[in-house]
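Visitor: So the chains spell out like this:
2 protein chains.
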Amino acid sequence: MHTFSLQHLETFTKNILVKIGCPENDAITATKVLLSADLRGVDSHGVARLSGYVRLWEVNRINPTPDIRVVHETPSTAVVDGDGGLGLVVAPFAMQVAIEKAKIAGTGWVSVRNSNHYGIAGIHAMQALEHDMIGISLTNASPLVSPTFSKERLLGTNPISVAIPAKEQPPFVLDMATTTAANGKLEILQRKQQEAPFGWIQDKDGKPTSSPNGVRDGGALLPLGGDREHGSHKGYGLGAVVDIFSAVLSGANYGPWVPPFVAFLEPHPHPVGEGLGHFFGAMRVDAFRPADEFKANMDTWISRFREATPVDGQEKVLIPGDPERELEAERRQKGIPLLPSVEADLKALGEKFGVSW
Amino acid sequence: MHTFSLQHLETFTKNILVKIGCPENDAITATKVLLSADLRGVDSHGVARLSGYVRLWEVNRINPTPDIRVVHETPSTAVVDGDGGLGLVVAPFAMQVAIEKAKIAGTGWVSVRNSNHYGIAGIHAMQALEHDMIGISLTNASPLVSPTFSKERLLGTNPISVAIPAKEQPPFVLDMATTTAANGKLEILQRKQQEAPFGWIQDKDGKPTSSPNGVRDGGALLPLGGDREHGSHKGYGLGAVVDIFSAVLSGANYGPWVPPFVAFLEPHPHPVGEGLGHFFGAMRVDAFRPADEFKANMDTWISRFREATPVDGQEKVLIPGDPERELEAERRQKGIPLLPSVEADLKALGEKFGVSW
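Line by line, the protein sequences give chains Z and H.
So the mapping is simple: the numbering used here equals the position in the first sequence, first residue as 1, plus 66.
So the mapping is simple: the numbering used here equals the position in the second sequence, first residue as 1, plus 66.
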């Protein structure tokens with residue numbers, strides 16, 4: 067596995083995006099969002115997906131020069147139409163709308179339609195932090211998940227991210243799929259042909275399976291909880307809320323109608339909305355209490371949890387965001403490792419578009 | 067097990083609350099909230115808790131005549147001080163503030179301090195439905211839950227409820243603890259001395275256990291997911307967000323400082339805030355798109371999921387809120403069954419306060 071500097075991958079990604087017609091500034095924004103996944107260790111959502119976005123553009127399912135706009139608003143809400151643009155560009159626009167609303171109304175809530183895959187949820191929620199705001203980021207996604215008791219795949223891995231500022235402590239950043247395991251983790255097991263733990267997936271008949279190929283063979287990822295006895299109806303309920311906030315509020319496709327990320331699968335012939343949907347929130351902490359007071363209490367919260375007595379065999383209790391932040395510091399310094407297959411894929415992409423790798 | 071009519075339990079509960087000094091209207095509100103738990107099948111949070119509230123009043127930890135008030139606000143936010151009142155009264159007040167904010171600003175968000183146990187989360191979220199709004203209700207609670215890798219109990223079962231209106235279909239109502247299993251379910255196993263599934267609890271050393279007495283013996287409930295491999299860090303993260311929104315935003319106690327519900331346990335000697343905290347949200351659906359359009363799409367969403375092909379051995383796929391609504395219809399008609407111990411407890415309470423049972 068070779069390792070590449072952030073700058074190398076940034077330049078390459080930006081140049082590819084400019085080649086498919088993105089304006090320079092949009093290419094810079096999209097690159098930053100995409101690479102934040104590699105930096106934070108969510109390798110499935112980073113440069114490994116660049117050629118996937120390009121293939122969607124090739125089949126006219128991504129508009130490189132979208133007219134992203136607010137189509138409806140109240141003092142604390144807006145609906146944004148992404149005009150078929152890259153989610154990597156639509157999402158930062160929509161989150162900024164939420165932040166501007168929050169500056170005046172205390173909070174801002176934006177539902178987005180006609181968008182596409184937006185990278186990792188966490189990076190958009192974190193956009194609020196520098197404004198002393200809490201950021202929230204949700205998105206629906208290609209249907210790969212079966213609700214409790216369902217044979218059919220009706221939901222995406224529909225992540226929830228919440229970013230909360232602190233004072234001396236680093237921020238609290240939750241960024242989680244509403245499934246037991248994200249699809250990226252399953253892909254790792256597939257590559258290694260290792261068994262998956264029970265509770266991650268079901269087979270095409272809806273029976274528990276540990277085959278890492280379960281989803282590929284017509285099965286499904288399972289909602290957080292795994293089975294009814296362990297609370298999978300809760301993971302299903304959370305994924306459903308993400309779907310409804312992202313798409314039923316905005317007029318995007320929801321549930322099984324969400325367009326697949328992969329270009330070789332056709333979108334549903336009878337869509338119920340436009341593109342896929344996201345949902346963003348920004349809450350000014352001083353809309354509740356003085357920011358300094360809030361952040362000092364967050365420091366107390368974080369320290370108390372981090373210093374809790376760990377169970378035997380574990381070094382410490384983690385705060386959401388700790389592992390990703392530590393990895394980001396390391397990868398900014400030492401570079402980002404890429405699988406040989408990802409490296410080859412990017413090299414081929416460079417050759418195709420005349421961009422040096 | 068005897069069965070009692072809703073009206074019988076309502077009259078009794080209201081009369082007891084008046085006896086401890088609640089104004090008539092507050093007693094009516096609190097009774098409605100408390101009994102909604104019995105109607106919806108969350109028996110642990112209904113009349114079974116009435117004597118628990120009374121015992122808190124006896125040790126001066128509940129103020130029967132609180133001056134509940136907004137202490138800070140912006141167009142879309144408020145902080146409410148519950149003045150040590152019953153959560154059963156404070157919560158409907160705060161949710162109404164959120165609804166009034168939403169009427170003008172599109173959404174309303176209210177964080178509450180200096181409150182107490184507020185019954186089931188769902189009933190407060192559902193308060194938004196008749197206004198064609200989405201309702202959200204969160205609360206922190208007595209520390210019984212260990213974060214992933216922690217031996218210590220630092221969080222409550224911290225529920226999340228989201229209520230979403232539909233058109234012809236009944237509303238979508240998610241109401242879930244952020245643990246694998248709610249404490250009430252464990253209490254049922256304790257009474258029957260049955261084993262708990264692995265993934266529900268850990269013992270005092272932080273090891274998995276199936277003993278139904280695990281929590282009583284110094285162990286803890288586990289976050290949704292159960293263990294790290296099955297995503298317990300996600301349940302922990304969600305419970306943490308509920309804690310922070312409910313208490314760090316409002317100035318209530320958080321984490322291990324949350325005062326216990328039971329009167330025989332003393333609150334923490336060095337509190338970090340006042341009472342416990344809640345968080346409420348109300349979003350006008352027409353702040354995003356016309357209400358009729360939204361609700362028609364919710365009907366499509368709900369029908370599609372309910373009609374999904376079920377796995378073998380299951381009758382159908384459920385929509386969040388289905389089981390509780392069905393039980394409510396049944397119990398309104400046939401009455402509410404009470405365990406002999408609960409019946410005896412209420413009878414004794416009636417004798418103590420001169421209220422006929």
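Treat each hint with caution, since some may be false.
If several chains are the same, the list does not tell them apart, and a pair holds so long as it fits within one copy or across any two.
Pairs of lysine-lysine residues, derived as DSS-like cross-links and limited to a Cα-Cα distance of at most 27 Å, are as follows [claimed, not checked]:
1. 270 - 382
2. 418 - 98
3. 85 - 273
4. 273 - 382
5. 258 - 382
6. 361 - 258
Since the hints were derived computationally from the structure, they do not count as laboratory data.
Visitor: Could you place residue 361 and residue 258 in one of the four classes (within, between, both, neither) given a Cα distance threshold of 27 Å?
Guide: neither (43 Å within a copy, 46 Å between copies)
Visitor: Go through the copies and call it for residue 270 and residue 382: within, between, both or neither, with a Cα cutoff of 27 Å.
Guide: between (39 Å within a copy, 17 Å between copies)
Visitor: Between copies, within a copy, both or neither: which fits residue 85 and residue 273 at Cα up to 27 Å?
Guide: neither (46 Å within a copy, 55 Å between copies)
Visitor: At most 27 Å between C-alpha atoms: does residue 258 with residue 382 qualify within a copy, between copies, both, or neither?
Guide: neither (29 Å within a copy, 36 Å between copies)
Visitor: Between residue 418 and residue 98, at a C-alpha cutoff of 27 Å, which is it: within one copy, between copies, both, or neither?
Guide: within (23 Å within a copy, 67 Å between copies)
Visitor: How would you classify residue 273 and residue 382 at a CA-CA limit of 27 Å: within, between, both, or neither?
Guide: between (36 Å within a copy, 15 Å between copies)
When the structure is compared with the earlier hints, violations turn up for hints 3, 5 and 6 and for no others.
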